[in-house]
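Q: Here are the chains, one letter per residue:
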Amino acid sequence: MPLRDLIDRLLGRQQASATTAKHRLQLVLAHDRSDLNPELMEQMRREILEVVNRYVELDLDGGAVSLETEERTTALVANLPIRRVRDGAPMPASEASSSEIKPVQEAPVS
Amino acid sequence: MTPSSTRTVLICSGKGGVGKTTLTANLGIALASQGVRTAVLDADFGLRNLDLLLGLENRIVYTAQEVLAGSCRLEQAMVKHKQEPNLALLPAGNPRMLEWLQPEDMQKIVELIKPHFDIVLIDAPAGIEGGFQNAAAAAEEAIVVTTPEVSAVRDADRVIGLLNTRQVEPIQLVLNRVRPKMMASQEMLGVTDVTDILALPLLGLVFEDEQVIVSTNRGEPLTLNGSQSPAALAYRNVARRLQGEEVPLPDPTKQRRGLRATVRQLMQTKIF
Numbered sequence: 001m002p003l004r005d006l007i008d009r010l011l012g013r014q015q016a017s018a019t020t021a022k023h024r025l026q027l028v029l030a031h032d033r034s035d036l037n038p039e040l041m042e043q044m045r046r047e048i049l050e051v052v053n054r055y056v057e058l059d060l061d062g063g064a065v066s067l068e069t070e071e072r073t074t075a076l077v078a079n080l081p082i083r084r085v086r087d088g089a090p091m092p093a094s095e096a097s098s099s100e101i102k103p104v105q106e107a108p109v110s
Numbered sequence: 111m112t113p114s115s116t117r118t119v120l121i122c123s124g125k126g127g128v129g130k131t132t133l134t135a136n137l138g139i140a141l142a143s144q145g146v147r148t149a150v151l152d153a154d155f156g157l158r159n160l161d162l163l164l165g166l167e168n169r170i171v172y173t174a175q176e177v178l179a180g181s182c183r184l185e186q187a188m189v190k191h192k193q194e195p196n197l198a199l200l201p202a203g204n205p206r207m208l209e210w211l212q213p214e215d216m217q218k219i220v221e222l223i224k225p226h227f228d229i230v231l232i233d234a235p236a237g238i239e240g241g242f243q244n245a246a247a248a249a250e251e252a253i254v255v256t257t258p259e260v261s262a263v264r265d266a267d268r269v270i271g272l273l274n275t276r277q278v279e280p281i282q283l284v285l286n287r288v289r290p291k292m293m294a295s296q297e298m299l300g301v302t303d304v305t306d307i308l309a310l311p312l313l314g315l316v317f318e319d320e321q322v323i324v325s326t327n328r329g330e331p332l333t334l335n336g337s338q339s340p341a342a343l344a345y346r347n348v349a350r351r352l353q354g355e356e357v358p359l360p361d362p363t364k365q366r367r368g369l370r371a372t373v374r375q376l377m378q379t380k381i382f
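Read top to bottom, the protein sequences are chains G and U.
Okay, so the first sequence: first residue is 1 according to this note's numbering, each after it adds one.
Okay, so the second sequence: first residue is 111 according to this note's numbering, each after it adds one.
With the rest of the complex left out, here is chain G (with noise of 0.2 Å):
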């Protein structure tokens, strides 16, 4: 390890290259495990944010829906911080979707 790394990792700045590989390679095989192209899984994505969205406010910006793997089981993770609650009945579907989720990429009409 050359000593600028070792620097670093005394640091905290630089975590070890096993959990990074560790880390990249988790990610790598819930996909590949999955065969979730990442088309579909964009689209799961916005439909789960818009469902979620009518009932209460989300940080858009901080949430993700991501697979994580586990014993070679596959798991649809998503983390969904809440700004606030909505008050009274949830927003209809139309009016949650087109107000605040934006596709990442204009999806192909079908």
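Keep in mind that the hints are not guaranteed to be accurate.
Okay, the calculated bits of chain U under chain G, using three or more residues with CB under 8 Å as the criterion [to be verified]:
1) 262–269
2) 297–305
Some chain G residues judged to face chain U by a derived CB distance under 7 Å, without partners named [what the hints assert, rightly or not]:
3) A18
4) A21
5) K22
6) H23
7) L29
8) L60
9) A64
It should be emphasised that the hints constitute simulated quantities derived from the structure, not laboratory data.
Beta carbons are placed, not taken as given, at the ideal position from N, Cα and C, and that holds for glycine.
Following the hints, position chain U against chain G.
A: Leaving out everything else, chain U in the frame of chain G:
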């Protein structure tokens, strides 16, 4: 032993160059020297090398091709190892066999071999295509070889997925080319990192060992001549564990090491 109790073990990895053939050769010799009648089958028809690692390349007369075609008997094609007569190799045929070889052909070959041996080790080709599928079709259980590197682990995962759909069982893991110093300083994926990710029981842990290169140069597997080098001991332990014996696995992070590694290890403990 009855013919039906013969074990058929696929040795595979997905990625090339992680040590499949070296493991097959050394494990074969180790098993044979422990009294197990062992056949090794080179199923890597495209890039065969098992003959070379066993030092049998000059003694090949017939191959799996002639056996399948019926132009020779199995006993004529099997090359018996001179120093370790419990071991015999069935060499891979011509690479052109890949054009027509079917999973049923591999099954046929293995069924022919089984009555004469206690265990058949099948050295699979790299990749997950036809050649691998053919080899996998003939095996009941598997050993997946990998190294503590992201690409090797990812490829091993693909192979394990395919073996699961084929109901190959049990699947056990050999972690090859482990560098204890790097593992201790967490600059290499740890043993539990790999076994957690792949969710396989560990059959063996082989440390990086220069003697492996020396032995392949000579065509004499390390397990052949009583070598006490780390890899030789590891391969012999793999053979013993494969037969159900309980042999403790070494802890790479507790190997003898220099001051620098000790300092690095200290850094891992969260004292700040």
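Q: Take the hints in turn and mark each one as holding or not.
A: Checked hints:
Counting residues of the segment 262–269 of chain U whose CB falls under 8 Å from any CB of chain G gives 4; the rule of at least 3 is met. Counting residues of the segment 297–305 of chain U whose C-beta lies closer than 8 Å to any C-beta of chain G gives 5; at least three are required, and the coverage claim holds. Taken as an interface hint, G:A18 checks out: its beta carbon lies about 4 Å from the nearest beta carbon of chain U, inside 7 Å. Given hint, G:A21 at the interface with chain U, holds; its Cβ is 5 Å from that chain's nearest Cβ, closer than 7 Å.
Here the hint on G:K22 is kept, as its CB sits about 5 Å from the closest CB of chain U, short of 7 Å. Because the closest C-beta pair between G:H23 and chain U is about 10 Å apart, greater than 7 Å, the hint is violated. Interface hint status for G:L29: upheld, as the beta-carbon distance to the closest one in chain U is roughly 5 Å, under 7 Å. Given hint, G:L60 at the interface with chain U, is violated; its Cβ is 32 Å from that chain's nearest Cβ, farther than 7 Å.
The interface hint given for G:A64 is violated, since its Cβ lies 21 Å from the closest Cβ of chain U, which is over the 7 Å cut-off.
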